[in-house]
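A.B. asks: Chain by chain, the residues:
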Amino acid sequence: MLEIKDLHATVDGKEILRGLSLSIKAGEVHAIMGPNGSGKSTLSYVLAGRDGYAVTKGEVLYRGKNLLAMEPEVRAAEGVFLAFQYPVEIPGVSNTTFLKHALNAVRKHRGESELDAMQFVKLLRETMKKLGMSEEMLKRAVNVGFSGGEKKRNEVLQMALLKPAFAVLDETDSGLDIDALKVVSDGVNSLRAPDRAMLVITHYQRLLDYIVPDHVHVLAKGRIVRSGDKSLALELEKSGYAAFAKEAA
Amino acid sequence: MAVAATPPAGGAYLERYADARRRLAAGSAPWLEGWRRAGAEAFRGAGFPTIKHEDWRFTPLYGLVEGDFSVDAPAAPFDQSRIKGVTFGREAGNRLVFVNGRLRSDLSSLKQLSPGIELLSFAEALASRPRLVEAALGTAPGLAGHPFAALNAAFAADGYVLHLAPGARSEAPIEILWIGSGADKPPVYHPRNLVVAGNGAHATVIEHHVGLCIGAYFSDTVTEIALGEGAVLRHCKVQDESREAFHLALTGARLAAGAHYDSFVYSAGGRLSRNEIHVALEGRRAQCRLNGAYLGRGEQIVDHTTVIDHASPETSSKELYKGVLDGRARGVFQGRIAVRPHAQKTDGQQMNRALLLSDKAEIASKPELEISADDVKCSHGATAGELDDVSLFYLRSRGIPEAEARRLLVEAFLNEVIDSVALAGMRLTLERNIARWMAGPA
Chain B
2 MLEIKDLHAT VDGKEILRGL SLSIKAGEVH AIMGPNGSGK STLSYVLAGR
52 DGYAVTKGEV LYRGKNLLAM EPEVRAAEGV FLAFQYPVEI PGVSNTTFLK
102 HALNAVRKHR GESELDAMQF VKLLRETMKK LGMSEEMLKR AVNVGFSGGE
152 KKRNEVLQMA LLKPAFAVLD ETDSGLDIDA LKVVSDGVNS LRAPDRAMLV
202 ITHYQRLLDY IVPDHVHVLA KGRIVRSGDK SLALELEKSG YAAFAKEAA
Chain E
79 MAVAATPPAG GAYLERYADA RRRLAAGSAP WLEGWRRAGA EAFRGAGFPT
129 IKHEDWRFTP LYGLVEGDFS VDAPAAPFDQ SRIKGVTFGR EAGNRLVFVN
179 GRLRSDLSSL KQLSPGIELL SFAEALASRP RLVEAALGTA PGLAGHPFAA
229 LNAAFAADGY VLHLAPGARS EAPIEILWIG SGADKPPVYH PRNLVVAGNG
279 AHATVIEHHV GLCIGAYFSD TVTEIALGEG AVLRHCKVQD ESREAFHLAL
329 TGARLAAGAH YDSFVYSAGG RLSRNEIHVA LEGRRAQCRL NGAYLGRGEQ
379 IVDHTTVIDH ASPETSSKEL YKGVLDGRAR GVFQGRIAVR PHAQKTDGQQ
429 MNRALLLSDK AEIASKPELE ISADDVKCSH GATAGELDDV SLFYLRSRGI
479 PEAEARRLLV EAFLNEVIDS VALAGMRLTL ERNIARWMAG PA
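From first to last, the protein sequence lines are chains B and E. For the first sequence, the residue numbers in my numbering are 2 to 250. For the second sequence, the residue numbers in my numbering are 79 to 520.
Hints listed in this document are in silico derivations from the structure and should not be mistaken for laboratory results. Given the structure is predicted, the values throughout are model-derived calculations rather than measurements. Among the clues, some could well be false.
Stated by the list, open to error - Short, incomplete list of chain B residues facing chain E, as computed with Cβ under 7 Å:
| # | residue |
| --- | --- |
| 1 | Ala-70 |
| 2 | Glu-74 |
| 3 | Ala-77 |
| 4 | Val-94 |
| 5 | Pro-195 |
Stated by the list, open to error - Beyond 10 Å from chain E on every Cβ pair, some chain B residues (computed):
| # | residue |
| --- | --- |
| 6 | Glu-4 |
| 7 | Thr-11 |
| 8 | Val-12 |
| 9 | Ser-22 |
| 10 | Glu-29 |
| 11 | Asn-37 |
| 12 | Thr-57 |
| 13 | Arg-76 |
| 14 | Ile-91 |
| 15 | His-102 |
| 16 | Ser-135 |
| 17 | His-216 |
What the hints assert, rightly or not - Not the full set, but computed from the structure, chain E residues with beta-carbon under 7 Å of chain B:
| # | residue |
| --- | --- |
| 18 | Ala-90 |
| 19 | Val-468 |
| 20 | Ser-469 |
| 21 | Phe-471 |
| 22 | Tyr-472 |
| 23 | Arg-474 |
| 24 | Ser-475 |
| 25 | Arg-476 |
| 26 | Gly-477 |
| 27 | Ile-478 |
| 28 | Ala-481 |
| 29 | Leu-486 |
| 30 | Asn-493 |
Each residue gets a CB set at the ideal place from its N, CA and C atoms; glycine is no exception.
Modelling step: build the complete structure from the supplied sequences, incorporating the hints.
C.D. replies: Right, dumping it as structure tokens:
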């Protein structure tokens, strides 16, 4: 589903990704772990298409297409989703309006009919019920006044509505207490599917107790220095990142 | 030795339209003719303001001074079905329609006027209620020494007069539609409007200025408002003139104790527009709220100027203007708040926020506080910013195309001030106008 080949990327002229390669198949959940500054967030923004992240070498193929040539909205419509580490607050745009615009834009791109207000609200209610979310979150502006847990749940809600084929979860555990972490992880797990792949990016092993990956990769200084199964995460928890940092050097 | 000064452009302007003034004078009562002549002389002396005048520093009147307009020009024929598209339908049962500043009774309707309310044209009022007009005319704050109040007086021929007896309440909003329709020569018109509300009266007035032609015209409007004790006037104005039009509007409101003037202005049309409001809070606990939303693009100049005189204790004023500027447009916001020495416990708040969508767009904000009392709460603020990149990326990362994401963010920016409009139908109209504006060219 996703093929990253020798990816190099710079931010403000500084090389952050330095030859990252990774292959993810449909139905798989991969985790990327790494210390601060290893390039975790850069990878997620490069995949989502944020301005200011310049790819200097390498390529990313998504379902055989050149992902890097697509505008961010096209990537989303094609089924790539980034759950933000810090979901953005947008005063003045109601959460419902935002979700409806997003869903209809994506449906339109996929050649599906746009939902009218009634159809949309029905779908939204059903989806929220499945995720155990309160409808109160719909009335407020996007992420404004949301707690850390509510923001992350709102990301999961967007993911559930947009039904991406490939989702990147950037530090989904940051800012969450253990209860919120469990709720968010349950939401993510409910979206695991044979035709959907996920890339979970995290600093801590803790999240992987809840979202159990098929493959674990260690990122250090902009490239993957070790890959393994979920036991690699536990190994990391014991030994720390220091040993891997040396491997990357 | 006096050096010969350049003759003020005012004199030349008056000469150009001497015939029109003679036509106006014929049959006018002496007091009216005297008033018009005084206006003409004041304008002859003052002339058009230039950017050397402090109040007009940011608002050059290029194209207006040398413009060759036609007073009382016949309107170019326009499709009357288009009127439906620019009115508020169910919300206004009472509507006066003016074309090039002249009342068109055939297009107007007055179905639901409540008892104690008179709504008529200025020309009609001169014939049927001359004393009312004579007493009210020229008494509003901000008019004295104002060049365009003087010019307006010199040519004032029509407008609307709204009179509310004490305690009268207008249930349905009163709508005034101003249509600019240029013919061979761009028309100029100088409407003079009067609103006189007795104690405890309530009314809502919606004004819509719209160009049903492509070309230029010059609208120089003066509106005088006098609110008695406890009277409430909601005044909502949509300015959507043609892109070549000059729109100068001066409103002066005088408030007795406990009166409330609630103004909302939407400005999107005109090559040059200035909406200037002067409010004198004369009675204790009088209050005003002046809100506005403005949109500019191309070479448009969009000016909002407000002057608030806190002349009594416990008066309050709140102002919020928000604008979106694209292309090479210039926004101007000038806000003066004066608090007189005895006007203790007054509250004056002023804010202007501009969103700049291009590098070439600009906003000039000039707040001025003159506070002579010591127990007051006054604040002002001005901000200018661009669309937030991170918000834009967030929306796009959810599949929302860039243009739509930008529109959502612009609407979100304006929502705060649009939401202050009490009439739901009006908010819808404004939201539609903004959406249409966003879809247009930069």
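A.B. asks: A separate judgement is required for each hint: does it hold in the structure or not?
C.D. replies: Now for the hints, and whether the structure bears them out:
no. : hint    : result
1   : Ala-70  : violated (15 Å)
2   : Glu-74  : holds (5 Å)
3   : Ala-77  : holds (4 Å)
4   : Val-94  : holds (4 Å)
5   : Pro-195 : violated (23 Å)
6   : Glu-4   : holds (21 Å)
7   : Thr-11  : holds (18 Å)
8   : Val-12  : holds (14 Å)
9   : Ser-22  : holds (24 Å)
10  : Glu-29  : holds (22 Å)
11  : Asn-37  : holds (21 Å)
12  : Thr-57  : holds (21 Å)
13  : Arg-76  : violated (8 Å)
14  : Ile-91  : violated (5 Å)
15  : His-102 : violated (5 Å)
16  : Ser-135 : holds (21 Å)
17  : His-216 : holds (25 Å)
18  : Ala-90  : violated (49 Å)
19  : Val-468 : holds (5 Å)
20  : Ser-469 : holds (5 Å)
21  : Phe-471 : holds (5 Å)
22  : Tyr-472 : holds (4 Å)
23  : Arg-474 : holds (4 Å)
24  : Ser-475 : holds (5 Å)
25  : Arg-476 : holds (4 Å)
26  : Gly-477 : holds (4 Å)
27  : Ile-478 : holds (5 Å)
28  : Ala-481 : violated (10 Å)
29  : Leu-486 : holds (6 Å)
30  : Asn-493 : holds (4 Å)
In the structure shown, a violation is registered for the earlier hints numbered 1, 5, 13, 14, 15, 18, 28, in ascending order.
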